[in-house]
Each structure stands twice: as C-alpha cells, then as structure tokens.
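If you want the building blocks of each chain, they are given just below.
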Amino acid sequence: MAEPILEVRDLVKHYPLTQGILFKKQVGAVKAVDGISFTLHKGETLGIVGESGCGKSTLAKVLMNLERATAGQVLYKGEDISRLSGAALKAVRRNIQMVFQDPYTSLNPRMTVGDIIGEPFEIHPEVAPKGDRRKAVQDLLDVVGLNPEYINRYPHQFSGGQRQRIGIARGLALKPEVIICDEPVSALDVSVQAQVINLLEKLQQDFELSYMFIAHDLSIVRHISDRVGVMYLGKMVEIGTDLEIYDHATHPYTQALLSAVPVPDPSDREKRERIILSGDIPSPANPPSGCRFRTRCWKAQERCSTELPLLAVPELLAGGAKHESACHFAAERETAAAA
Amino acid sequence: MTTAADQARTAREEPFTGPLLDVKDLHVEFKTREGVAKAVNGVNYTVSAGETLAVLGESGSGKSVTAQAIMGILDMPPASIPQGEILFRGRDMLKMSKDERRRIRGQKIAMIFQDALSSLNPVLPVGYQLGEMYRKHRGDNRKDAKAKAVELMDRVRIPAAKERVNDYPHQFSGGMRQRIMIAMALALEPDLIIADEPTTALDVTVQAQVMDLLAELQAEYHMGLILITHDLGVVADVADKIAVMYAGRIVETAPVHELYARPAHPYTRGLLDSIPRLDQKGQELFAIKGLPPNLLRIPPGCAFNPRCPRAQDVCRQKVPPLEQVTADDGTPLPGRRSACFFWKETLRDG
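Sequence lines, in order, name chains A and B.
Taking our numbering, the leading residue of the first sequence gets 1123, the next gets one more, and so forth.
Taking our numbering, the leading residue of the second sequence gets 7, the next gets one more, and so forth.
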C-alpha cells in the first residue's frame, strides 16, 4: 500500500453547551466527533458514509483546520497539523483543499469565475506569479471541462453542475495533494452527477490526488472509493475496503444502512430482506452509554450498554472478516441468517 | 352545515367508474422578466384507486408544477394554465369554483411536501395543526379534534402520541415531522395523495421507515398515490407505473418492471445507465452529455435532441408525439408509451 499522507488519531471535536450570559457555565457538550482514527494513503479515495448528524462534515472541518480539534492529532506526512497557526498553517493548507456540497452558496455571486478560481493565488502567490494568473485560471477551467472564455462570467450564469466544476477548479488551483469532498454531488441532478464523478476520477489519475469523499449516497461512494468508513454518532463503526464493507459488512449499523438503500431494480422488490431500524438517531449531546448504536440495534445485549466496543478486527470471526468493526457481536449477515 | 352538501356530493360521485384522476394535455406557463417559461407542455396521465404512479424527472422537468396545478395551489399569476383539463372523478377541476375546489383539496386530494419543517407552522403545536383539518372541514370542536389528532399520530406510529400532541414541530425529528405530514394528509381519508419528494430530506434508514408506512396506509385506505421523485431507487421499490418527465413533457410511461428492464426512450436509458453499477467499478460512469434545457428556450423539436445519442434531423424539426409502444409482432404493450421517433430502436438495443 502507498505511503500514508493523512493520519487521524483519536480525533475529538466537542462543541460546548453553555448556560448563563455573563458567567458562562459549561453544562455539557455536543460530541460531534468523538475519538476517530483512520489513515488516508497517497492516491487513494477514502469514502465516509453516515446519516445526518453522524459528524462526517465536522470531521471534514477539523481536518481542514476550519474548526479546532478538542483533542487528538491530525498528522500530515507525519507532522501534527491540528495545533498549527499562522504561517505554518497557511503552508499546510495549500496541500489540503476542499470541495463543498452546495455549488449555489459556496461561490461568491459578486465575483467573476476568474476571481473565484484565482483567489487562492492571492493567498499563495508563490504558486502562480501575478502575470501568469489569468493563464493559470484558464488552464484550470479547461481541466475541469469548462470553456476558458467563460473567465469573466458570474456564477449565476452557470448551471449547478457547471458551478460544481468551478468549485473543483478552485480546489485544484494550488495543486494540493489531498482534496476533501463534502457531498460534492448531492445537490446535482442524476444525469449531471455522473459527469462530475467522472471528472473527479480523471483528475485523481492526472494529478495523483488523494480524496476523502464524504457522501450519503452509498452507490456513488462505492463507485469512487478504494476504502470506506462508516460513521454513526461521532464514532467510526466500521472501516474497510469497498468490497469488505459492501459485501461482507459485520457491523449491524452498516448492514441496516446498506439494506435500507432503495435499489433501482424493481425485480428485487420481493427478494430483498430489509432491516428497518426503529427510532431515530439519538442526540449527540447525550449519546447512549456503551455502544452508541445499541438503542436501535436488534443484537443489543446487557454488555453493549456498559462496554464501549472498540474499532478492531473482530476476534470471534475465525477466517472471516479481516477489517475493523466496532461491535461486540460483529458477524456477517449471511452467516448469521444461516446459523 | 356541510353534511347536506357532503351527501349531495357523495350521491353525485358514486356512479363514476373511470380513473380517479385524469390529466389531459395540461400546459402551465410562468411569466418572468425574461419571457414566458413553459414549465409544463402537454402532460397526460391517469391514476386509479389503489394505484401508485411515480412521476420521475430532474429539477425543472415540471413534475412538481404539474402536482401543484392538480392541487390548485399554483400562484396565478405569475403562473397560468392556457390549456388542458384535470378531471377528478370525471369532473374538470379547472372549471370549478374556488369554494368547490377548496372542498376537494384536503378532503379528496391531499398533498405531502418535501420539507416537513417548512410546511408545518412553527408556532403552533402539531396536535392543533392536525386538529385543524377536522375543525375546518368537519366542524368538530377543539376537544374532539384533538382526540382525533392523537388517533392520527398513533396511526403513523409516533410513540407516546398522547403526551406529544401539544409539542411543537421543532421538538420532533425529521422523520417524525414527515410522519406528521403524512398524518395530516390522511386525516380526512382522501381518495388521492400527491407526495412531492416525501423522503428526499430524510436519511436512508428513516426514508425506508417512511416509505413503508406510506405504502401500508395506501393499501389500507385503497388510495391513489402520485409519487413525485428524482430517485430511481425509491421508484423501483414502490411504484406500479412510471411517467418520466423531461422539459415539461412526459417522454415515457411504462409499468415499473418493464421500464427498468427495457426503456423505450433514450433519456430513460441514459438515466438508468448513469446509476453506478457493481460491475462498473473503476470504469468511467455513463453520463448523459450536456445540460437540461432552459425552460425559456426549449430547443425546437424533441427537447432532448441536443443531448441524445440517437438524434437525427427529424428530432430537431418535429416534436415526437407520445406513441403507443408495441412488441415486435405489432401487439400493443399495455401502458407503454414513448415520445421518441426511434423508440423501436431504443427498445431493441435496450
């Protein structure tokens, strides 16, 4: 496997809940990200899936240093970047860029496309000297499949898919090594989604990019990812290669999530065995003790409420799963059904 | 006060045996500063009792505008309906008086919206809002209306309905709020429910719960359901028949199994192909080239022609009619229509 480019160790992000106006007293915390570890390797795509409120977007913000981590480390090429500030932070940020979900609100409507894509050069002038910037922006437009002559247009003159291409061009401007994509296609129409996914894959090959691809659409994540991590309520519950997660999931939440996804094939309607979870995702301000999924889990027992399951390769599975799963009773669904 | 009118209406409706809803050649336009946007350009569909029609289309295809026209909740102006009929139990709703339409809306046809948080009034308890249906339409007093609201909340499986009836919308989760919307739509036991992207704002595990509930209640009350969505997965799960819309027109209709197995329109084909499949891992995804058209400037001929791999000269000149699709031996395939000059080729190469 390629060298690790980004290592996340026990990352925690708590948002304090306070009471009182003058003398603010902390009464609790929203545990948005609560102890997450994983590694992103050079040139790979790591998909992160999970439902709203599971902390996947907070994770992205902490990795970008848009939010300060409460605890834990983010190692970029072995150096902890979670405590950096000033010039050192600026230098690191050049290498980690982000593509946002909503192409309608993430582009300034009063700036031309040329200004939007060229703005990173203002902050990092060493990448493109002043005289070359216009040319650099036009090259970027060409790379993402937009007409370079559009450089003086404004965002409202473009469709959603085209705007997302502008967002991608901006992310590419500083020639980063890592791009964090937070739901990059979920605001787009089906017929346009495929175009953007193809573009992202092509750019990855051309520029040797590493992606962290955050999305809730499981079929798209499967298509683009080499490895997939599943999050639930601030914890990583399972992580493995796309095949391990999609075909050999051992965590009950992953299994439920996969079974709930509507399959675009009506002939499967009767055959499919769906796991319908009861209830809603609990509040991250007051998560259940022990395993956080236990309140909705059909396998939950006494032990789950007292003992937090760690993300590890399950020991019980002789010769079975080799990927990490945070469940006391991790087992593949097929084997469980057969037994 | 309403009972006499109710009885009169019931008597009038009983003998009717056609489809519940029959939309005929519906056109909707919006006046904008840049010109007239033709949002719906001749839509035809029917829904019978107990049947689920899925209307599939991307943003701007006119699927929601059609639904709003059926409900009679379009803002007119800027919208106008220059042409078409919307027959509910054989009577054209576009020709009815305002009062008559109001009686149908809510009692006979109800709608579930995409965003439950913005469709509920944030400053009134949900029980009050549910009870409003009974107070306004049935003339019930507050106490009875609230009791019925609790019953409804039970029906849509909101836990501890009795304790939660006085809670406000923000105290419920997204899935719960959508259940309340469903409860509100069901309150007066309508004949037809229009669900406009009912699960788009929800997470997949909650989406599965809500769709299951909706399907179950539909079967129980034997209602017609129009499900408006862009999600090919949700459609495959629940629909009986599908109408695919593009640029304000229906381009294909078919029973659900046949549409997925053998589409008869290049646009449908393209949509199905752009879903990532297992065996395509690592390959480039199929993508429909180009962009959906601007409704102010719909291309002449077939609106899909600039993006279509099969486009010929005829596609740029004439608008293809929605034609009956037939099997190889010429027998018509029931429920299958396609608005493509080359549906035979599309079907064959499928």
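A portion of the hints provided could be inaccurate.
To be verified - Some chain A residues well away from chain B (every beta-carbon gap over 10 Å; in silico):
id : residue
1  : Q1148
2  : A1151
3  : S1204
4  : A1210
5  : N1217
6  : H1246
7  : G1283
8  : A1316
9  : N1320
10 : L1379
11 : S1427
Claimed, not checked - Here are the simulated lysine to aspartate or glutamate pairs, EDC-like style, with alpha carbons at most 20 Å apart:
id : chain 1 : residue 1 : chain 2 : residue 2
12 : A       : K1393     : B       : E222
13 : A       : K1393     : B       : D197
14 : B       : K287      : A       : D1328
15 : B       : K287      : A       : E1129
Read the hints as simulated data drawn from the structure, not as lab findings.
For every residue, glycine included, the Cβ atom is placed at its ideal position computed from N, Cα and C.
Here's how the hints hold up against the structure:
1. Q1148: 24 Å, holds
2. A1151: For A1151 (chain A), whose nearest Cβ neighbour in chain B is about 20 Å away, the distance exceeds 10 Å, so it holds.
3. S1204: 29 Å, holds
4. A1210: The assertion about A1210 (chain A) holds, with a minimum of 38 Å to chain B.
5. N1217: Holds: least Cβ distance 26 Å, greater than 10 Å.
6. H1246: 32 Å, holds
7. G1283: 7 Å, violated
8. A1316: Given a closest Cβ separation of 4 Å, the condition is violated.
9. N1320: Check fails; 5 Å does not lie beyond 10 Å.
10. L1379: 6 Å, violated
11. S1427: About 20 Å separates S1427 (chain A) from the closest Cβ of chain B, which puts it past 10 Å; holds.
12. A:K1393 / B:E222: 18 Å, holds
13. A:K1393 / B:D197: Violated. K1393 (chain A) to D197 (chain B) sits at ~30 Å, over the 20 Å cutoff.
14. B:K287 / A:D1328: Holds. K287 (chain B) to D1328 (chain A) sits at ~18 Å (cutoff 20 Å).
15. B:K287 / A:E1129: With a Cα-Cα distance of about 26 Å, the restraint between K287 (chain B) and E1129 (chain A) is violated, given a limit of 20 Å.
In summary, the numbered hints that this structure violates are 7, 8, 9, 10, 13 and 15.
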